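Asks: First to last, the sequence lines map onto chains R and V. Each position in the first sequence, counted from 1, maps to that position plus 61 in the numbering used here. Each position in the second sequence, counted from 1, maps to that position plus 19 in the numbering used here.
Calculated from the structure, these hints are not laboratory results. All values reported here derive from a predicted model rather than from experimental measurement. Heads up, the beta-carbon is just placed ideally off N, CA and C, and yes, glycines get one too. Treat each hint with caution, since some may be false.
What the hints assert, rightly or not - Derived PhoX-like pairs: lysine-lysine, alpha-carbon spacing no greater than 20 Å straight-line:
id	chain 1	residue 1	chain 2	residue 2
1	V	K127	R	K105
2	R	K123	R	K88
3	R	K88	R	K132
4	V	K87	V	K130
5	R	K123	R	K105
6	V	K87	R	K105
7	V	K130	R	K105
8	V	K127	V	K24
9	V	K130	R	K160
10	R	K160	R	K88
11	V	K73	V	K90
12	V	K87	V	K73
As the list claims (entries may be wrong) - According to the in silico footprint, chain R covers these stretches of chain V (three or more CB under 8 Å from chain R):
id	stretch
13	57-65
14	121-128
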Amino acid sequence: NAGVMQNPRHLVRRRGQEARLRCSPMKGHSHVYWYRQLPEEGLKFMVYLQKENIIDESGMPKERFSAEFPKEGPSILRIQQVVRGDSAAYFCASSMGLKETQYFGPGTRLLVL
Amino acid sequence: DQQVKQNSPSLSVQEGRISILNCDYTNSMFDYFLWYKKYPAEGPTFLISISSIKDKNEDGRFTVFLNKSAKHLSLHIVPSQPGDSAVYFCAAVIAYSGAGSYQLTFGKGTKLSVIP
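The shape of chain R in the complex, shown without the other chains:
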């Protein structure tokens, strides 16, 4: 009974490169949330997706960030042309439905050099 899986767990990128973060929700879960945690901060909502649809991206920076949750395969958070300020822990959560408990993955720690 696997939980939410995220990979990679750690990712190092140089400024200007692309970062691609993957999230596989728990079995039976079709709702995915992405959150970002900066050092010494709480988690901040970025985007909410259901299969093949972005429902709410109000927390996503307007440029360089995108997310998808295809019919098959994991959800992907993509950051283009990374900058040092993108260094953070990125957590994915999944739930069985709207207003259901969100279960979090272990996170991807992105370091931009």
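Once you have looked at the hints, place chain V on chain R.
Replies: This is chain V only, laid out in the frame that chain R set:
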């Protein structure tokens, strides 16, 4: 503007005693509250939640109290155990508005250390 505040960055408690973690919120639209526990290098783990129509919810050693008029909630852990040492996040959500994405708004967390 932080809508969920945990004003104590850290708390130390003796094993066997009560741990009380506090959380304040400013947005009166929040109607559902959750506590998550987080160990280093792991994701947050759901602990306990409470709806705004209740003032108390209990699950084993964990009890959450909600004071709507004060916009304040607290998590009580009795008795505290060394394995409870972690960062505890308070989170709030607008659950019953009929719209929205159920996004969680988190506080910055309180690091609890339970001393054996």
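Asks: Each hint needs a verdict: does it hold in this structure or not?
Replies: Now the hints, each set against the structure:
1. V/K127 with R/K105: 10 Å, holds
2. R/K123 with R/K88: 31 Å, violated
3. R/K88 with R/K132: 14 Å, holds
4. V/K87 with V/K130: Roughly 25 Å between the alpha carbons, so the hint for V/K87 and V/K130 is violated.
5. R/K123 with R/K105: Holds, because 15 Å separates the two Cα atoms, which is no more than 20 Å.
6. V/K87 with R/K105: With a Cα-Cα distance of about 23 Å, the restraint between V/K87 and R/K105 is violated, given a limit of 20 Å.
7. V/K130 with R/K105: Holds, because 18 Å separates the two Cα atoms, which is no more than 20 Å.
8. V/K127 with V/K24: Holds, at about 7 Å.
9. V/K130 with R/K160: Since the Cα atoms of V/K130 and R/K160 sit roughly 27 Å apart, the hinted pair is violated (cutoff 20 Å).
10. R/K160 with R/K88: Answer holds: R/K160 to R/K88 is near 17 Å, not above 20 Å.
11. V/K73 with V/K90: 13 Å, holds
12. V/K87 with V/K73: 9 Å, holds
13. 57-65: holds (count 6)
14. 121-128: holds (count 8)
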